[in-house]
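A.B. asks: What follows is the residue order along each chain.
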Amino acid sequence: MRIVATDCGSTTTKAILIEERDGVFRQTFRGEAPTTVEDPFADVTLGVTNAVTELQELSGYKLIADDGTIIRRASVNDVDGCDMYISTSSAGGGLQMMVAGVVREMTAESAKRAALGAGAIVMDTIASNDRRKPHEQIQRIRELRPDMVLVSGGTDGGDTKKVIEIAELIAPARPRPRFGSEFCLPLIFAGNKEARTAIERIFSGEGFALSIVDNLRPTLEREHLGPARERIHDVFLEHVMAHAPGYDKLMEWANAPIMPTPGAVGDILQTIAKGRAINVVGVDIGGATTDMFSVFGGIFNRTVSANLGMSYSISNVCAEAGMDSVLRWVHLDMDERELRNRVKNKMIRPTTIPQTLEALVFEQAVSREALRLAYVQHKAFATTLKGVQQQRTVGDAFKQEEAGKSLVDNMALDLMVASGGVLSHAPRMEQTALMMIDAFEPEGFTEIAKDSIFMMPHLGVLASVNPRAAMEVFEKDCLVILGWCVAPRGEVRAGKPAFEYTLTRGGTTLAHGQLVGGEMRLVRFALGESGTLEVRPEKGLDMGAGAGKPISREVRGGSVGIVFDARGRPLKLPHTQAERRACVEKWLKSLEVYV
Amino acid sequence: MQIILSVAAARMCAATACAALCAPLCASPSASPPTPPLSVTAADVPWDAGGSIEISWVPAANLGSATTWLVERSEIGADGTSGPWVTVAEVAIATTTTTAAKLSHTAPYWFRVTAVGSDGSSSPTNSPAHTTAHRNFFIGEKLPLFSAILTVCACVIYFILAARKGRPMKVRRIAALEAIDNAVGRATEMGRPILFVAGIQDMDNIQTVAGITVLGHVSKTAAEYDATIEVPTSRSLVMEAARETVQASYLAAGRPEAYNADLIRYITDEQFGFVAYVSGRMVREKPATCFYMGCFYAESLILAETGNSIGAIQIAGTAESSQLPFFVAACDYTLIGEEFMAASAYLSGEPDQMGSLKGQDAGKAIASVLIIVGVVLATFAALSPGGFATAALGALRGILGS
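As they're listed, the protein sequences go chains A and B.
When you line the first sequence up against our numbering, it's residues 1 to 595, in that order.
When you line the second sequence up against our numbering, it's residues 1001 to 1402, in that order.
By construction, these hints were calculated from the structure, which means they are not laboratory data.
Owing to the predicted nature of the structure, the values given are computational and were not obtained by experimental measurement.
Fair warning: there could be bad hints in the mix.
Cut-off 30 Å, straight-line C-alpha distance, at most; resulting in silico cross-link-like pairs (DSS-like, lysine-lysine) [what the hints assert, rightly or not]: (1) A/Lys405 / B/Lys1170; (2) A/Lys496 / A/Lys193; (3) A/Lys496 / A/Lys549; (4) A/Lys161 / B/Lys1170; (5) A/Lys496 / A/Lys476; (6) A/Lys586 / A/Lys496; (7) B/Lys1170 / A/Lys379; (8) B/Lys1286 / A/Lys405.
Here chain A stands alone, though its shape is the one from the complex (with noise of 0.2 Å):
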């Protein structure tokens, strides 16, 4: 079987070729060509046609017809052409959407989940209580210029009063489309069942698209995005991605339905999550936003950090973060004054790459910031649902936790996944796994890895067509392993004891040591070997089996291998800048980062 992938950036057309090789899916080529949905082409087949012929320039298949479409194969037999062409989109700045319910931290957040996770950005939410007044309010939705609108409020049999209010602030004030002027907005109605008929009767004949799907809040007890988000992606491929230039033409060519990038990105790192049965935490840390995704017991989150990112935002980072605390990553002597000029500079010129190792050491000072900050937001983000009832026992007297816990959680974490341009594109494996390292400050064990060439989107969309292929690239050629962090949980005490590790394989032991608190080691595991690990933390240091009790699993070489970190969590870096910089120094060498 062969399979073209295409994802149409916002500049960039990146496609690649999987096959079925002796049973198992590989990727195999890459190609990549300006995006084309702009003026003077304002055609995207053009920049997807002129990608897949690079595909096959090297390949040596034929996948381009003379017409400029990609050809098919009759029989698996065929030399030239391919079975199959999927693609995602997040060209002229991905789908935009608008969103609103009754209570902001309630089905206003549940219609804010939906659209994240179905891949778009959201613009605003707009909710009973969100402090603005009501002329306020029109006033932002005359301003915004979504290509959607979610509408959710009460839950089923619930409040219809305060839901109506809403679509009577929004069905005068008019929205207009992004895209075509004659265009009617879609609105989705993902609410109280018992509003339907007031909200048909408040969006007939306003220049809304209204659809209805059940509601995603049926009671505060359960959230119910399934049917929003399959919606979203419908009006997304009938409504916005027909009005884009060229996307009928590319809607016809794909098997399966394009869908958003950030969703795509989302699907696959639900299907690994669930095929492996674990916590997965994805990063894409971009130019002017950062996007964060999580699995945590098997529910999707994902937020859009948009002021959080490595160029247009980079200004925003160092405000967002302090400068005091980007430097503390930083072990060379920088004039501030400088550095504040390099930030400028990258903000008016975003594609300038480090030129020397200062540069690139302020650069990944700066993405630990912004990878830190994004993940806050996430973790504040991605909660438990709140409004819930609680049951509790007379146990519970001084122990009373709130509704709207974080679903986040460090020692449950399994995988990381990174990637965007500053993680990618770092000139050495270890620089990536401590930029992570440093910004999530994982608990116990965790397998880092990195998305070198952004194929998850391109995997997101087979994986609703041949979960297995999608599966198999992905283990195999879409992450790069980069190892594994092992650090305890809890305050240590520096130059004290902090845990003894034991790295054994068929009864040899490889590895075997003890790191004091403060300290990192970096011990080397290759590629395609396995081994069991045996952590032994000291009192009131935690590795996952309870404070003090030993632990042991099993771990998978990567390019870099086994970070040991003694740091302790919450990490904490010394006060005074001599010594913090000669720790910095210390943990560098230690893994080999910038040698």
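Given chain A, put chain B in place with the hints provided.
C.D. replies: Frame of chain A; chain B shown alone:
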């Protein structure tokens, strides 16, 4: 008391008479009566509430057969007339001071001291002048308490000033109060009312006052979310207070037109009549959220179980320790004792209230430290009497005035 004094006086008289009558018969060169004290002085005890005079005397060099001192007082002038003399104390011969207590702070007193021994009693030595037990402005023994009050007040003032200057006052997260917004939000989403019960006591109960304070915050949130809040009360004054509070909250939320006084109503003073009404109302109306904030007794479990059965989020708060287990088991969140009283500061976040809360915490911390130190010292003093711990415990007692 009078009888004891009379007996003492009789014994004194008998001893004097016996000494006079039997002296020629019983006297021997070695059996002479004890020598009286050389001088007696009396002075008002300073730093007290009045009523005490300290008497001291100078014993003679040769006390003879004296074994005790008999100290007596009289309210009648010492101008030749005597008595009636009332015994103040009979103390061991080694002692040279004693305190006469429970005296009038207006009357003058004279004192005399007699040495008493196996060979009879000496002649008494009188105090040279009368002494009055004056009341003092400060009571010395209350000084530790005064110091403690000053310390706590200083802490409160310090934290209030610090809070006013913008110093962040960290207060532990109280889940029950954090959950108020979600509870009100639930009622909004479900299109059902919120029920607030401020206990069954009147406004003279501090818990009712605390409950009404929480009502202010809940009703403001309800006004912002446009949710309906019902407040049944069992006291008419509580109803009035609740109405004013809720009205003020709706005004503060910018929605005065949404305030409905009819939803805050008086039911009955009768405990179970009130509970029957509230429970019935809960079953019929199925409020999405129930608040129980105030003083509750037997009705706590009835209300909380009814609320639980209708699927409402319930937040309770009371200082009645006997009712807390019921609320904890049946409600989603419970404010326990002090948390309930601190709710006002926690919810408002006003610097003065937060500073006051922190100041009180500092006072409690000091008291806790003293209790722990006292327990440790008392334990060691019991294990090894007379050691350092005993001395330290004595010193601590002295400092604390106990």
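A.B. asks: Taking the hints in turn, state whether each one holds.
C.D. replies: Hint check:
1. About 21 Å separates the Cα atoms of A/Lys405 and B/Lys1170, which keeps this hinted pair within 30 Å; it holds.
2. Our distance criterion of 30 Å between C-alpha atoms is broken by A/Lys496 and A/Lys193, whose separation comes to about 62 Å.
3. Straight-line distance between C-alpha atoms of A/Lys496 and A/Lys549 comes to about 17 Å, which keeps the hinted pair within the 30 Å bound.
4. Proposed proximity of A/Lys161 and B/Lys1170 is contradicted: the alpha carbons are some 39 Å apart, above 30 Å.
5. At most 30 Å may separate the alpha-carbon atoms for a hinted pair to count; A/Lys496 and A/Lys476 exceed this at roughly 40 Å.
6. Straight-line distance between C-alpha atoms of A/Lys586 and A/Lys496 comes to about 17 Å, which keeps the hinted pair within the 30 Å bound.
7. Distance check on the hinted pair: B/Lys1170 and A/Lys379 sit about 22 Å apart at the alpha-carbon level, within 30 Å; holds.
8. At roughly 27 Å between alpha-carbon atoms, B/Lys1286 and A/Lys405 fall within 30 Å of each other, so this suggested pair holds.
When each numbered hint is compared with the structure, violations occur for hints 2, 4, 5.
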